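Here the sequence shown is numbered in numbering that gives the first Met the number 0, starting from 0 and rising by one per residue.
Everything labelled a hint here was simulated from the structure, so no lab data went into it. Do not take every clue at face value.
[Stated by the list, open to error] BS3-like, lysine-lysine: derived pairs with alpha carbons at most 25 angstroms apart: (1) LYS248 with LYS141; (2) LYS128 with LYS177; (3) LYS64 with LYS141; (4) LYS50 with LYS128.
[Said to hold, decoys possible] Pairwise CB distance ranges (calculated): (5) THR125 with THR237: 47 to 55 angstroms; (6) PHE198 with THR125: 47 to 55 angstroms; (7) HIS32 with THR237: 22 to 30 angstroms; (8) HIS158 with ASN59: 22 to 30 angstroms.
Since this is a predicted model, take the numbers as computed values, not measurements. Ideal Cβ placement from N, Cα and C applies to all residues, glycine included.
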Amino acid sequence: MFRCQILRLPAHWVLAQCFPCQCCFITCLYEYHYVGENKNWSEAQQYCREKYTDLATVSNMTDMKRILNKPAGNMNEAWIGLYDQTDGNRMWHWSLPGFNNDKYNSGQCAMTVFDDGGRWRNEDCTDRKPFICYDDKVILIKENKTWEEALYYCRDHYHDLVTITNLDEQRWVQEKVKNASTPFVWMGLRYSCALDLWFWISDEVVSYKNWVSDGQMDDCDMSGAMETGGQHQWFKKTDAEEFNFICSKI
Numbered sequence: 000m001f002r003c004q005i006l007r008l009p010a011h012w013v014l015a016q017c018f019p020c021q022c023c024f025i026t027c028l029y030e031y032h033y034v035g036e037n038k039n040w041s042e043a044q045q046y047c048r049e050k051y052t053d054l055a056t057v058s059n060m061t062d063m064k065r066i067l068n069k070p071a072g073n074m075n076e077a078w079i080g081l082y083d084q085t086d087g088n089r090m091w092h093w094s095l096p097g098f099n100n101d102k103y104n105s106g107q108c109a110m111t112v113f114d115d116g117g118r119w120r121n122e123d124c125t126d127r128k129p130f131i132c133y134d135d136k137v138i139l140i141k142e143n144k145t146w147e148e149a150l151y152y153c154r155d156h157y158h159d160l161v162t163i164t165n166l167d168e169q170r171w172v173q174e175k176v177k178n179a180s181t182p183f184v185w186m187g188l189r190y191s192c193a194l195d196l197w198f199w200i201s202d203e204v205v206s207y208k209n210w211v212s213d214g215q216m217d218d219c220d221m222s223g224a225m226e227t228g229g230q231h232q233w234f235k236k237t238d239a240e241e242f243n244f245i246c247s248k249i
């Protein structure tokens, strides 16, 4: 049994800074979508995961403004992706792609406080309400695959292995890889023996770099992987190694 949260609109919120920021950067890599169908919280979560990425995560006041600036039609309340496991720990948790309701990431939860102009409320999760989804432009795939297998998976199911061209994108992806089940995740970075250079498979120039010291070795059959801990730097890895990976959706 879970208790979930709805967002009453219009709202003015004060957020406790208890959880990692997901959209603090100049280039925000997800979009919010209102869905006017009435569903219970679990049905809304399933819908969002099938059509978008997940129920909405709200990390800061910038996220709040982005939600409130979108036309909500006749909606005055909506499910968001925050739920409470009634197991005695009294902690609230954000719905995260790849995690079921009975499993949550330590440190990825929050309780938020609002002023009298609007607040998040406890509601029975079986109640039926409209809801807000978000659509991320990158997604962590928690399956272990070789670099080539990961490439084909991303191209078959999404768009491509992820490309990182600036610090904002690096920060965004490194938040995702913290949830990986392997020490590294594959990126769309590849070494060409014929051309003697590293390149992104999206044809983007490798201008931004985050290699670990002595990590860029120009060997054949090597591809780039990001470490999931530490400084989230890039390492050269043999293609045959199997890791989780990050796909881009566009």
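Tested hints:
Of the pairs offered as hints, the one joining LYS248 and LYS141 holds, with about 16 angstroms between alpha carbons and a cut-off of 25 angstroms not exceeded. Between LYS128 and LYS177 the CA atoms are separated by roughly 32 angstroms; this puts the pair beyond 25 angstroms, and the hint is violated. Our distance criterion of 25 angstroms between C-alpha atoms is broken by LYS64 and LYS141, whose separation comes to about 32 angstroms. A threshold of 25 angstroms between alpha carbons decides the hint, and for LYS50 with LYS128 the separation of about 17 angstroms falls inside it, so the pair holds.
A beta carbon spacing of about 50 angstroms between THR125 and THR237 agrees with the range 47 to 55 angstroms that was offered as a hint. A beta carbon spacing of about 51 angstroms between PHE198 and THR125 agrees with the range 47 to 55 angstroms that was offered as a hint. A beta carbon spacing of about 40 angstroms between HIS32 and THR237 contradicts the range 22 to 30 angstroms that was offered as a hint. For the hinted restraint 22 to 30 angstroms between HIS158 and ASN59, the CB-CB distance of approximately 27 angstroms keeps it satisfied.
When the structure is compared with the earlier hints, violations turn up for hints 2, 3, 7 and for no others.
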